[in-house]
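Read top to bottom, the protein sequences are chains A and B.
Take 1 as the starting number for the first sequence in our numbering and just add one per residue.
Take 1 as the starting number for the second sequence in our numbering and just add one per residue.
In case anyone wonders, no lab produced these hints; they're calculated from the structure.
In this text the structure is predicted, and so the values were computed from the model without any measurement.
One should not assume that every hint holds.
[What the hints assert, rightly or not] Here are some chain A residues pointing at chain B (derived, C-beta under 10 Å):
no.: 1; residue: VAL46
no.: 2; residue: SER154
no.: 3; residue: THR163
no.: 4; residue: GLU166
no.: 5; residue: PRO167
no.: 6; residue: VAL174
no.: 7; residue: ILE202
no.: 8; residue: ASN238
no.: 9; residue: VAL325
no.: 10; residue: ASP326
Backbone N, C-alpha and C define an ideal beta-carbon position, used for all residues, glycine too.
These are the residues of each chain, in order.
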Amino acid sequence: MILHFIGELTPPHSPSWKRLLQALAAVVLLQLLPLPGWSDESLARVVEEVNPKLVKLFGAGGFKGLPSYGTGVIISPDGYILTINSHILDTRDLRVHLYDGTRHQARVVAREPELDIALLKIDDRKRKIELEHYFDVVQAAKRPIAEPGTHILSFSNLFQIATRDEPMSVGRGVIAAYSRLTGRLGVFEASYRGNVYVLDAITNNPGAGGGIITTRKGELLALIGKELTNELTNTRINYAIPFSASVTVPDKDGKKVTVSVLDLVNQKENYRPAPERAKVTNVAFHGIILVPNVVEKTPAYIEEVVPGSPADRAKLRPDDQIVYVDGLPIQDITSFNNLLATYTPGTEIKLEIQRGDKLITVPLTLEKPAKAGKK
Amino acid sequence: MLHRFLQALFVTTLALLPAYAQGLPAKVAEIEKKRIDVINKVKPSVVAVMARDLRGNLTGNGSGVLIDEEGYALTNWHVTNAARSPLLKCGLPDGLIYDAVLVGLDRVGDVALIKLLPRKPGDKFPYAKMGDSDKVKAGDWSLAMGNPFSLATDLTPTVTFGLVSGVHRYQYPAGTLLEYTDCIQVDTSINPGNSGGPLFNLDGELIGINGRISLERRGRVNVGVGYAISINQIKNFMGHLRVGLDTDHASLGASMESESEDGGLSRIVVKSLIESDARRRGLDVGDELVSFAGRPMTTVNQYKNVLGLYPKGWRVPLVYRREGERKEILVRLMGVQRGVINENGRPSPPPMPPSKGPRPPVPAGPPSPAAKFYKEKEGFVNYYFNEEAQKRVLADLARLGDFSKLTGDWKLDMNVRLLDRGTPVATRASFTISETSGTEGKLPKITAEINELPYTLEPLKTDEKEEAFKDPVNSGGWLLATYLYRQLLVYGPKGFPGKDTFWHGGVEPYYPPSDPQKGETSRERVLAEVLLTRFADKDSRWYFAQEDDPAGRWKKGQLIGFEVYAEKDRDPCEVCLSHYKDFGGRQLPSRWFIRHADNNYADCVLTAVSCK
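So that you can see chain B by itself, here it is in the shape it has in the complex:
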């Protein structure tokens, strides 16, 4: 028996000999080949970012990664910040230098979006496919690529290989507001110059942007602990970055503390709260935070992780417990205090190699061709991209019909179910909007009859009552909203006169009216492009669908909702629009759903429209 077993072993061993003769077991050789193939596949997308000052002197080197064929690439804010100009030079592994321009920034999250210009118009760039960083686990292998110590003099990136040491890590801001939230910790070697470069999984998917390393008494070199900003976090900011915004991170307006006794699990409890949407939604000091944006909360770090994932202004669900009762609310996140990070605020540590030693050759030449893709405007990183995005959204809006000549009286008739009372009331509503030319220009007036009650609002009248802007009661300002809707359709940006009154606000989640059958727990979320406007001190947000709705409620590019703030820092009147129909040759939403604060106000069907 033993003899036969040994014989079998021997035969198997002989069969293996060829593999061993080449030095590696077949399985190892196969895995190695797969890894090399992945490296070769993703390598063309790795960017060497050269930061220069205004005189063209090299002030630092970093890395980046192309994320689409148009030439958009991600890197770190602290890499682009080393350049004192929005115009950059980048190298690709094809050995060529490309002009590039800064597009958008997330300074708190240390992310920058840049755009490389093709050397020939119409040329496409190689790019890396984005993965799902929430699927990354401690113990997974990872590849970091980039330009550490400016070694890539021929623009071929350095590859390092290592383990994911931890996920969902929180790294405190180091001296500034720059914090790394929900980041991926790796023992993959990341060094000065790797900043902004890609972290790949072994399928060659982009899972993070390398940006920071832990240091201790050993100088600015790797000690086995590096951090990458998770790609899922960046995806949330991408809509903002692409439209040239200087995006802000979020705060809840509340501080949390970990409360526990020895032996117990920690509870995260609201310690203090300022005037904020969270407070208006009912959150109070002493409430226990159960989950935030869908993640269970057991440490303050986890709470900070979630906050770091979203831009200011986003609405996310929050579950809290008070006296044993569990409540779910939707909160709009506030901005982080600004001004702490300024141009001189250096993130610490900034893994940037000194610009010594051999440098990639960059010929001095005429002004950068990237200059025509840059437009300076206060409050924006690059207004050129914001304007382009505005044009695109407005073009979509214009496809629904040309309203620009219809400056006369508008009349809208609706069948309405009022939802703000015990049992819904079926009734009618009629709005009339007119403009009369006065001595000080146009004087708009909106009159309405809702459930047989008359309302009037003259939004530009100097002594108009505050209440009129919020009429009808419980709607948050339906009259004002309807007026501003006409204003956008008829006049576009010109309907919002003044400085900084009309811009593209990137991408935000939008929550369509929830199905009353399913209740709040079935909260549906779609991502929508948002336009931000201000009219006579009244702010509005306009949501445009990025995709066709599978349920058929709207199509890509249609306005699917808007919010009008009758009062600053109070709850807006939210109007949800759907089911576009033809009204006299123009497309208008037939379904209007009005919400305010925590309540639904009215569910309406547009029956007749007259626009002159």
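Extracted from the complex, chain A is given alone in its bound form:
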């Protein structure tokens, strides 16, 4: 499975003598300079330099376990901020805390769901915004793709540990791969399907989205993404979207449209998002119809079985009560639905059924829904 992540590495395209020279120079530098990142001093200094270029975001959320906080990166002196396109932006009261503790209102300039990013702007109607610390995203986008094995630093306000002038949390890790993202958020396929850096550290925590990863010298590499599940392994994936990211998607008429992070950054208010697509759900089909979920803890009794469905083939019957799925207890219909939502088609699950006074174990292979959305 791991093999899926490896590929599409960008080899250097320079002539061989130039590469030799570069290699030699690198070796010499290794010897002559103290290794950056290996002495505490330089890393602490990098952290100090990067922190003022990031902002804490506070917006919508705070219910159903959804965080109401996030992170963003300042990309211009007049207060443009890049972050992840998330639910926290769905508010008219979006607030930004700068590194010095000042608090500002911000508005969403443009969003690009296909890239899963959004551009914000600090409100400057009351006073002029002039920021001293920001990243040059255009330059970051031109940087060659970092190779697997590159040591990185991550910066974000994960778990909302910091407010006001308290600094971002910094972590360290290694780029494990540069590969296409195949993630999902709950039952929905992740909107961005392009290339990402896959990281060996747990960077994608609540609130970390919109934070950044940098080299150990503090050079901007990529934007930390959401808390996604890898479709291939059903495990959490820690990834970051490079600033060179672009995707090509079909519009209504089937014509191909390419959008990129740089388009959004350059066009700002004039940016037009890629045409909307039908959301592809990757919900697994089992063919079990449960009794109506009327009371708070309705037991998961089967009302009906869809003919020809996996449930039908597994010989499930009305009035069977589902008590365990893969060894996990099913207290009620809600817990059954929640659990099943985490499975992908093709997975074989083990149901334990109470039928009369007998407990029966039934294997069932989940399928793609008959009317799956078009890719």
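With chain A's structure known, arrange chain B on it following the hints.
Frame of chain A; chain B shown alone:
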């Protein structure tokens, strides 16, 4: 030119080849070796703490770290709390099991001090040197050591290596009062069982005690966010922990709120205030908090961080601003409401592994030899250590002279400069203390003549006037203070009859009289051991020097000041003592400085003493 450059490069490269042949650049190899050396150096100090219930069943495993050669070790309260007994078993990396006893607790701060017993009397323990956690920066490397998932079946600690992610972090109490203030955030892997273990910097100095991790939907495992209690915070509590106290954290008696408009920096403003020392010192609702204990205040988290650093009863400077005017005050911190954390109050999350799987072998045997180092007393974690500390302080006091036979009349004469009026008044004061035996035991009486005015106090007379306890006016109770001073010297603990009337209160800051030339801003602070006493409902605190004063005002072990509360929850009469001199073969302080509330009252020189 290019050719020569390339040649030079080539030569340099050749020189490097041996290092590369071994797989690592020399610099990296050197750094790696240094790290391994540090790990090997500190490893012997890492403790595996085994929590057992009263029947000896293992109820959890944690970690700890030795901090001196006597065997004192730090761990988390929630580790020792898993044991239902103050007697513990600990393992060291030498592969041996040691008996240990609980000494002191800071439940709110999640810290416990334990003491390991040497296997042979007199044996010394390896220990970790404490660092300065205020010097730790985000981006520094750190090493966590301990016993995660109870893996250390051979008692060799696990080492993890990572980055400091943030410093001065505040973590809200999780369901209980247990809060992590001013803590160090690390991405160094900390897991269940690491609790109580050390966090080291790359110089091998102890900078924190690992105790808590952020969790989210992924079960009780590390998600890249762990927290260590900063060692500087623990240092403030150490004096309390060492004397067997169940220490309390502090509150100011005020709540703060962050007040700001968009665009501006936040101001921290007093939102509400209860009857407290802060209020008596003049703090009021609406005042802007500028700095607290020397730290600038810009967020409520920072305010809470500072509060968490100090035990209840400590006095710290506070600067506030009102209508543009900046004022500095010294406030005594109050305790946090108690009773919320009880024995069943589980900190959340408690990173303790279930006691499954392989366990370090602990032979069942006779009762723990640690039992003789444990004495139960209500309100104390381990009264044995408090008694020992009392004995030590009283022995120091006895070295100044034996006063125990001098139960007769005492007469003290002083030259006095009264400071409570516009211009200081030079005058004299004379105190006479006597005890007459009445039908209900001894009846003490103190008479004084201060600035030619007579005063009398009979502290045990049932109908004695409230004002008499506070005489002279503005002193807060100088007569009472002088009487209690004699009481301590003559009778020691027996001079304070009743239940829970005499104990060692750990270590507190003491502020000697400030130099009038330099003013309040040059506030000097020394740490002093404190004895707490109660006499006929009057509380007192007695401060003893931990070190010789470089300026020569006092020596280690001398009583350098005391406070007497004539009235509960009011300002005490503070007596600062210095410049000990020989008076008839006994050492007494020749300089007495009296303060009360916000004012200096009198500066005195003891001229003659007669003790019978």
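Hint-by-hint comparison with the structure:
1. VAL46: holds (6 Å)
2. SER154: Constraint on A/SER154 satisfied, holds at 8 Å.
3. THR163: holds (6 Å)
4. GLU166: holds (7 Å)
5. PRO167: With Cβ-Cβ at 6 Å, under 10 Å, it holds.
6. VAL174: Since chain B brings no Cβ nearer than about 13 Å to A/VAL174, farther than 10 Å, the hint is violated.
7. ILE202: Cβ of A/ILE202 sits 4 Å from chain B, so the hint holds.
8. ASN238: holds (9 Å)
9. VAL325: violated (18 Å)
10. ASP326: The hint is violated - A/ASP326 has no Cβ within 10 Å of chain B, the shortest such distance being about 16 Å.
The structure fails hints 6, 9 and 10 (numbered hints given earlier, in ascending order).
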